[in-house]
Amino acid sequence: MSKLFTISPSPHVHSGDSVNKIMYGVLLALLPAFIWSVMMFGLDSVRVTLIAVAACVGFELLIQKFILKVKPQIADGSAALTGVLLAFNVPSSVPSWMLIVGALVAIGIAKMPFGGLGNNPFNPALVGRVFMLISFPVNMTSWPVAGSFGVDAVTAATPLALLKEGIKSGQPVVEILKGLPANMDLFLGNMGGSLGEISALALLLGGVFMLIRKIITWHIPVSVMVSAAIFSGIFWLIDPSKFADPIFHLVTGGLMLGAFFMATDMVTSPMNPKAQIIFGAGIGILTILIRFWGAYPEGVSFAILIMNALVPLLNRYVKPKRFGEVKIQSTNG
Amino acid sequence: MLKTFKIGGVHPAENKLSASKAIEVLTLPKTVFIPVGQHIGAPAEAIVKKGDKLMVGQLIAKSSGFVSANIHSSVSGTVKKVETGPDTSGYPKMGIYIDVEDDIWDEQIDRSAELKSEINLDSAAILAKIQNAGIVGLGGATFPTHVKLMPPKGMKAEVLLINGVECEPYLTSDHRMMLEHGEELIVGVKLLMLALNVDKATIGIENNKQDAIAKMSGLVAGHKNISVVPLKVKYPQGGEKQLIKAVTGREVPSGALPISVGAVVTNIATTYAVYEAVQKNKPLFERVVTVTGKTVKNPSNFKVRIGTTVSELIEAAGGLPENCGKIINGGPMMGKAFANTEIPVTKGTSGILIMPEKEAKRSETMPCIRCSRCVSVCPMGLEPFLLMTLSEKQMWEGAENEKVMDCIECGSCSYTCPANRPLLDFIRLGKVKVGALIRSRKP
Numbered sequence: 001m002s003k004l005f006t007i008s009p010s011p012h013v014h015s016g017d018s019v020n021k022i023m024y025g026v027l028l029a030l031l032p033a034f035i036w037s038v039m040m041f042g043l044d045s046v047r048v049t050l051i052a053v054a055a056c057v058g059f060e061l062l063i064q065k066f067i068l069k070v071k072p073q074i075a076d077g078s079a080a081l082t083g084v085l086l087a088f089n090v091p092s093s094v095p096s097w098m099l100i101v102g103a104l105v106a107i108g109i110a111k112m113p114f115g116g117l118g119n120n121p122f123n124p125a126l127v128g129r130v131f132m133l134i135s136f137p138v139n140m141t142s143w144p145v146a147g148s149f150g151v152d153a154v155t156a157a158t159p160l161a162l163l164k165e166g167i168k169s170g171q172p173v174v175e176i177l178k179g180l181p182a183n184m185d186l187f188l189g190n191m192g193g194s195l196g197e198i199s200a201l202a203l204l205l206g207g208v209f210m211l212i213r214k215i216i217t218w219h220i221p222v223s224v225m226v227s228a229a230i231f232s233g234i235f236w237l238i239d240p241s242k243f244a245d246p247i248f249h250l251v252t253g254g255l256m257l258g259a260f261f262m263a264t265d266m267v268t269s270p271m272n273p274k275a276q277i278i279f280g281a282g283i284g285i286l287t288i289l290i291r292f293w294g295a296y297p298e299g300v301s302f303a304i305l306i307m308n309a310l311v312p313l314l315n316r317y318v319k320p321k322r323f324g325e326v327k328i329q330s331t332n333g
Numbered sequence: 001m002l003k004t005f006k007i008g009g010v011h012p013a014e015n016k017l018s019a020s021k022a023i024e025v026l027t028l029p030k031t032v033f034i035p036v037g038q039h040i041g042a043p044a045e046a047i048v049k050k051g052d053k054l055m056v057g058q059l060i061a062k063s064s065g066f067v068s069a070n071i072h073s074s075v076s077g078t079v080k081k082v083e084t085g086p087d088t089s090g091y092p093k094m095g096i097y098i099d100v101e102d103d104i105w106d107e108q109i110d111r112s113a114e115l116k117s118e119i120n121l122d123s124a125a126i127l128a129k130i131q132n133a134g135i136v137g138l139g140g141a142t143f144p145t146h147v148k149l150m151p152p153k154g155m156k157a158e159v160l161l162i163n164g165v166e167c168e169p170y171l172t173s174d175h176r177m178m179l180e181h182g183e184e185l186i187v188g189v190k191l192l193m194l195a196l197n198v199d200k201a202t203i204g205i206e207n208n209k210q211d212a213i214a215k216m217s218g219l220v221a222g223h224k225n226i227s228v229v230p231l232k233v234k235y236p237q238g239g240e241k242q243l244i245k246a247v248t249g250r251e252v253p254s255g256a257l258p259i260s261v262g263a264v265v266t267n268i269a270t271t272y273a274v275y276e277a278v279q280k281n282k283p284l285f286e287r288v289v290t291v292t293g294k295t296v297k298n299p300s301n302f303k304v305r306i307g308t309t310v311s312e313l314i315e316a317a318g319g320l321p322e323n324c325g326k327i328i329n330g331g332p333m334m335g336k337a338f339a340n341t342e343i344p345v346t347k348g349t350s351g352i353l354i355m356p357e358k359e360a361k362r363s364e365t366m367p368c369i370r371c372s373r374c375v376s377v378c379p380m381g382l383e384p385f386l387l388m389t390l391s392e393k394q395m396w397e398g399a400e401n402e403k404v405m406d407c408i409e410c411g412s413c414s415y416t417c418p419a420n421r422p423l424l425d426f427i428r429l430g431k432v433k434v435g436a437l438i439r440s441r442k443p
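If you're matching them up, the sequences are chains A and B in order.
The first sequence begins at 1 in the working numbering and counts up one residue at a time.
The second sequence begins at 1 in the working numbering and counts up one residue at a time.
Pulled out of the complex, with its shape left as it was, chain A reads as follows (with noise of 0.2 Å):
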């Protein structure tokens, strides 16, 4: 009998993509914006990254070997992913203990539990950053004010919350507006907030990256963008002095990482391109929601959480379109 060789079923080759390859992508993508968290709120941002990151592997490597006793997987890049999104989420002042009881809350409660990599309903990072919205609203809403480091206890509020704010002691929306920096100058960056989302610029950045190298589609950041678009510029045409204009919502806030990066996180994201445009335009159409009329001032988190909890049913009943399901064409048959 001459040598045997090895049988498997076709296909025999792959296209040499992996797991790994898209979580390291998607950190990759987020560099410029990491960068210009830097720029922004100096040390402290590499600090809160760090602290999340180590929290969010260390956590789910515990977990993995003294609970679940099974092989760590954390070089998939999962977790670490997990623990930068949770960083960009979070005020670059947030003391460090916090953090770590974030990651332990995203690793632990909204992860693991569900089966780990590939299972959980809801994005953890996501999850992470609610508790901690939740549990310590003081730390979670004071944001260093852009540039403004190495001053100590600089804080502001964000230009949403300004503009909620402003809105609720009567003032007409434009003269607040006039009093927060201009569309271009939110569009860069040049303002408080979270560590991660504050430039629309260089999370775009990060976005064509990923587009370019189809790590994500456009359908998710596209609905998401043209939803809330759509939907804030309805009321800002009906009622400017009400309404803030369409481009102040899409710069603002976690608008821009939400649409780019936490709604597309694959496992908790829709199956097919017409469930993720239906599922892009919930969390576009909720988050202008709870921005207008809800009791925080920003509401992307909120709304992809929501629209998690819908994935499942997307996935059944919003199916892709079938090869072949059509009326016959010729004369025959």
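Worth flagging that the hints you see were computed from the coordinates, not collected in a lab.
Mixed in with the good hints, there may be bad ones.
Only pairs whose alpha carbons sit at most 27 Å apart, straight line, appear in this in silico DSS-like list of lysine-lysine [claimed, not checked]: (1) B:Lys361 - A:Lys3; (2) A:Lys3 - B:Lys336; (3) A:Lys3 - B:Lys80; (4) A:Lys274 - B:Lys6; (5) B:Lys129 - B:Lys303; (6) B:Lys358 - B:Lys297; (7) B:Lys156 - B:Lys93; (8) A:Lys21 - B:Lys234; (9) B:Lys336 - A:Lys319; (10) A:Lys274 - B:Lys62; (11) B:Lys361 - A:Lys214; (12) A:Lys319 - B:Lys3; (13) A:Lys319 - B:Lys431; (14) B:Lys3 - A:Lys321; (15) B:Lys297 - B:Lys16; (16) A:Lys214 - B:Lys234; (17) B:Lys294 - A:Lys21; (18) A:Lys69 - B:Lys393; (19) B:Lys6 - B:Lys431; (20) A:Lys3 - B:Lys297; (21) B:Lys358 - A:Lys21; (22) B:Lys6 - A:Lys214; (23) A:Lys214 - A:Lys274; (24) B:Lys93 - B:Lys431; (25) B:Lys303 - B:Lys336; (26) B:Lys16 - B:Lys358; (27) A:Lys274 - B:Lys232; (28) B:Lys294 - B:Lys232; (29) A:Lys321 - B:Lys6; (30) B:Lys393 - A:Lys321; (31) A:Lys21 - A:Lys214; (32) B:Lys93 - B:Lys62.
With chain A held as given, fit chain B onto it using these hints.
What follows is chain B alone, placed relative to chain A:
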């Protein structure tokens, strides 16, 4: 914009290593093993016995039903035994062993290289010749060609599509055939049009074969009713349903045959076999096989007699590389791996692909991260991740509702999956189980 199919598809590395290698005639083997079941349908019945003297082209196994095909001797010599032997399936299969003596051809066969373009037969006579010659789809599916050319009652063919796509990476036999035998192919197309009684034929060729597109376009210039359509390079465009969609825009309904939209698809090698059978009286006993692989010394296209052992082809291409880990019958996307080289070339062998050890094994499987790439590449618009889960959980009715039977097993999902999940393996299991379920419901 080049035409292509609309849903899904992937673009694996083309690796057409042997594209510039002219077809070489392989030296005659010393013995051959010709299985009697080389096609979809009932195996043929052997009509020779030990000691019989044979000529090249002599009928040795008779078609045993409508969906079946004749088998002819590919060599002259003596029948050694009629017994089971190896084939690509891995199971022992009945076949005929022949010791080769000389190369004496049946006198009916016209062995000249001269082009015979004059057609003086009617549809029925052409069909009879195709059926007698034992022609089956040579792209790999091996469905008997005469069955395809006789549409069921109430259906009529409107257009003939010639599949010159060769979308499988590595394979180049159809490409070479178009370059070297374009004239004969045009005659073959006309014969098929006559047999089907259609007045329109289109040859679809992917845009990575510019020379073949130029050659065939030049040849059809004089024929109003035959056209060449260049197609965007995208796998699996050679799938019947995808090719029909790409060229005509028609979509074969779920569960239906191409004829339901009036289309009949024949591949290049098959069209050439039709030419030889009808114009040259030559039954199907040899074919062009690409022998290729990154580690193969001399990737080649060989004209090979059916029944020749694969090891002889590999020898002729420079020998088996030391680090060979896998041998595939066909292309890397849909081909079948076999365990050793002592296996005969059959009608369905379009290529022999040799892969080094490091490419032979799959990478470790990771959890599904729900990236939905399998959904976006599926050319049938299915949800492979879901079908796999349903199969794993043995939820066969669920799999049926999610159209598991529409899967064409192109492998795009498994190819793409970043978590290396065995999507197609489980979908195949689902198809087997659901197929049995559907059959069991019929009274």
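Going through the earlier hints one by one, which of them does the structure break, listed in rising order?
-> Result: hints 7, 9 and 10 break, sorted rising.
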